[in-house]
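Start from chain X and add chain R according to the hints.
2 protein chains.
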Amino acid sequence: MSAHIAVDVGGTRLRAACYREDSLEPVRIEKTKTQGGDQPALEKLSSLIRDIWPEDEDVEAIGIATPGPTNPFEGVVYTAPNIEGWKDLHITSWFEEHFGVPVLVGNDANLAALGEWQYGAGKGHHHLLYMTVSTGIGTGIIANDQLLLGVRGLAAELGHVTVDPNGPVCGCGQRGHLEALASGPSIAHWVEQEIARGGSSSLPAGRTLTAKEIATAAHAGDELSKQALERAGMYIGMALVDFVHTFNPSILIIGGGVSQSGGLLMDPIRACLKDKVISPHYLDDLTLTHPAFGDDAGLIGALALARSHHKD
Amino acid sequence: MSAHIAVDVGGTRLRAACYREDSLEPVRIEKTKTQGGDQPALEKLSSLIRDIWPEDEDVEAIGIATPGPTNPFEGVVYTAPNIEGWKDLHITSWFEEHFGVPVLVGNDANLAALGEWQYGAGKGHHHLLYMTVSTGIGTGIIANDQLLLGVRGLAAELGHVTVDPNGPVCGCGQRGHLEALASGPSIAHWVEQEIARGGSSSLPAGRTLTAKEIATAAHAGDELSKQALERAGMYIGMALVDFVHTFNPSILIIGGGVSQSGGLLMDPIRACLKDKVISPHYLDDLTLTHPAFGDDAGLIGALALARSHHKD
Numbered sequence: 001m002s003a004h005i006a007v008d009v010g011g012t013r014l015r016a017a018c019y020r021e022d023s024l025e026p027v028r029i030e031k032t033k034t035q036g037g038d039q040p041a042l043e044k045l046s047s048l049i050r051d052i053w054p055e056d057e058d059v060e061a062i063g064i065a066t067p068g069p070t071n072p073f074e075g076v077v078y079t080a081p082n083i084e085g086w087k088d089l090h091i092t093s094w095f096e097e098h099f100g101v102p103v104l105v106g107n108d109a110n111l112a113a114l115g116e117w118q119y120g121a122g123k124g125h126h127h128l129l130y131m132t133v134s135t136g137i138g139t140g141i142i143a144n145d146q147l148l149l150g151v152r153g154l155a156a157e158l159g160h161v162t163v164d165p166n167g168p169v170c171g172c173g174q175r176g177h178l179e180a181l182a183s184g185p186s187i188a189h190w191v192e193q194e195i196a197r198g199g200s201s202s203l204p205a206g207r208t209l210t211a212k213e214i215a216t217a218a219h220a221g222d223e224l225s226k227q228a229l230e231r232a233g234m235y236i237g238m239a240l241v242d243f244v245h246t247f248n249p250s251i252l253i254i255g256g257g258v259s260q261s262g263g264l265l266m267d268p269i270r271a272c273l274k275d276k277v278i279s280p281h282y283l284d285d286l287t288l289t290h291p292a293f294g295d296d297a298g299l300i301g302a303l304a305l306a307r308s309h310h311k312d
Numbered sequence: 001m002s003a004h005i006a007v008d009v010g011g012t013r014l015r016a017a018c019y020r021e022d023s024l025e026p027v028r029i030e031k032t033k034t035q036g037g038d039q040p041a042l043e044k045l046s047s048l049i050r051d052i053w054p055e056d057e058d059v060e061a062i063g064i065a066t067p068g069p070t071n072p073f074e075g076v077v078y079t080a081p082n083i084e085g086w087k088d089l090h091i092t093s094w095f096e097e098h099f100g101v102p103v104l105v106g107n108d109a110n111l112a113a114l115g116e117w118q119y120g121a122g123k124g125h126h127h128l129l130y131m132t133v134s135t136g137i138g139t140g141i142i143a144n145d146q147l148l149l150g151v152r153g154l155a156a157e158l159g160h161v162t163v164d165p166n167g168p169v170c171g172c173g174q175r176g177h178l179e180a181l182a183s184g185p186s187i188a189h190w191v192e193q194e195i196a197r198g199g200s201s202s203l204p205a206g207r208t209l210t211a212k213e214i215a216t217a218a219h220a221g222d223e224l225s226k227q228a229l230e231r232a233g234m235y236i237g238m239a240l241v242d243f244v245h246t247f248n249p250s251i252l253i254i255g256g257g258v259s260q261s262g263g264l265l266m267d268p269i270r271a272c273l274k275d276k277v278i279s280p281h282y283l284d285d286l287t288l289t290h291p292a293f294g295d296d297a298g299l300i301g302a303l304a305l306a307r308s309h310h311k312d
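Chains as they are written, first to last, in the numbering used here: chain X, 1 to 312; chain R, 1 to 312.
One chain only, chain X, in its complex shape (with noise of 0.2 Å):
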């Protein structure tokens, strides 16, 4: 038997699993904190992976998901927000000489779609993009049953199409993106300010809100909450409806923990997809569905991605 091994990097969390051929189910997996002790990420991700390396079984290939611009060919992180000294980072090479097998990297949402493509809620699709709405908005494309990379792997960021050019300024400092419109802090922002106005909502004035405290208070009854989380949904449905027109995909897989709002956040996506789309064809295959897996779905992405490689 031979395995894979599956590394996830966060800028909160670290984790290595193994897996044997045809299952999804680790034999092992470790876990640790991005941030804090003596060790540097690399260090700690090395301990990770000897902790869960198979003692029977010959490892095949590693991926590797990681949460920034990221060139696969090259096999060199760009930059990972949150993760001191990681820029320009040689990642495979460094990977590859420590354990002596073969090392592939890919950023983290685009492996998440190659990773529902392959195991999760896009099996069968051909044209298939996957979003996640969290702490960021991070995409995946899957076009002719080929992950869009690009020239240099920086394809499907998707997060940083303009959506609105009078909006506010994205972490990255541009503005109007749709992460700067529609992510959990951006939502979580847009009610403190409508606090901060004068709003009447339930949740308190003068402190930092998370998008969780708002769909908690949007579910209660509150109605700057369920405002917030419609005018996100339907930022996120405009963009989704370019994206439409961009890719005509069968499948739109939303994921990430603002996903899980419910209707308040889906309905708006459904009818801007509805109303928007510049002929009905576009929406004669459509699914509109969430991810199979949640938390997983880099370390699964990762999996997909070593699972890919061939032996010459």
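Do not take every clue at face value.
[As the list claims (entries may be wrong)] In silico lysine to aspartate or glutamate, EDC-like type, Cα no more than 20 Å apart, as pairs:
#1 X/K33 with X/D295
#2 X/K87 with R/E97
#3 R/K87 with X/D284
#4 X/K87 with X/E97
#5 X/K123 with X/D285
#6 R/K44 with R/D56
Quick caveat, the hints were computed from the structure, so don't treat them as lab data.
Relative to the frame of chain X, chain R by itself:
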């Protein structure tokens, strides 16, 4: 020797041309007006094809470029603006029955991208975006050496991506699309409105203007016309930034009559790309250029499509 036939269907002009292997110079080419006369467009096209049919060579395949949303997999033109009766038209089976050779069809902007990639400005690139800015804004994408088509061939309708949700209504009925902000008629309409509001210009008030008049006036120093082209360039640039984040291409090919307005249009495009990409790596390998085939883009694209047909 064998030959291929390329057919370009436009709202104003129909063309058919016959090409020998390995040549981009037609052996014979014929054209006629789309509108007027007693014959419907399909009959006119059949006559053109008969006129250019080679006497001494076998025709391997016919490629057809159509101006509206088209399903290349089923050979169906969903609609074609300005051509009466073209709705859900099974165009490939119609011509296959008439001529007894394989017939392939595609949207003209998609095929123009294919033609530029195979024979023109995009040769050797693996990730390409083609845009024509004219009466409308049409686009075609090559992603990873494949034409981006989506599940029904409706992908790459980037003229109908929303650039400003508060912008003017588009010909398609939706609001704020790139085409509604930066196509030739949209540029002209903006100038007409500004003049009607009392804006100073060398152009006359109270009549319909053309983008060509505006380009001429701009080059003669008319400030309002300059502003109109710069404004369109800015919107095209903003959209291109989104598309660069979406596709991470290595080449942007901008064609169409409006793109010949020179620096007034192209400078804001270059400035947007420089100022608004979220990582400088998007620009590392990016070429911004004009197409090799102007008016012949659709025809050369239809030829590329016909030549892509492989005998079973």
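A quick look at each hint next to the structure:
1. Using a Cα cut-off of 20 Å, the hinted pair X/K33 and X/D295 holds, with the two alpha carbons roughly 15 Å apart.
2. For the suggested pair X/K87 and R/E97, the alpha carbons sit about 60 Å apart, so the restraint of at most 20 Å is broken.
3. As the CA atoms of R/K87 and X/D284 are separated by approximately 16 Å, the hinted pair is consistent with the 20 Å bound.
4. For the suggested pair X/K87 and X/E97, the alpha carbons sit about 19 Å apart, so the restraint of at most 20 Å is met.
5. The hinted pair formed by X/K123 and X/D285 meets the criterion: a straight-line CA distance of about 15 Å does not exceed 20 Å.
6. Taken as a hint, the R/K44 and R/D56 pair is broken in the structure, with Cα atoms around 23 Å apart against an allowance of 20 Å.
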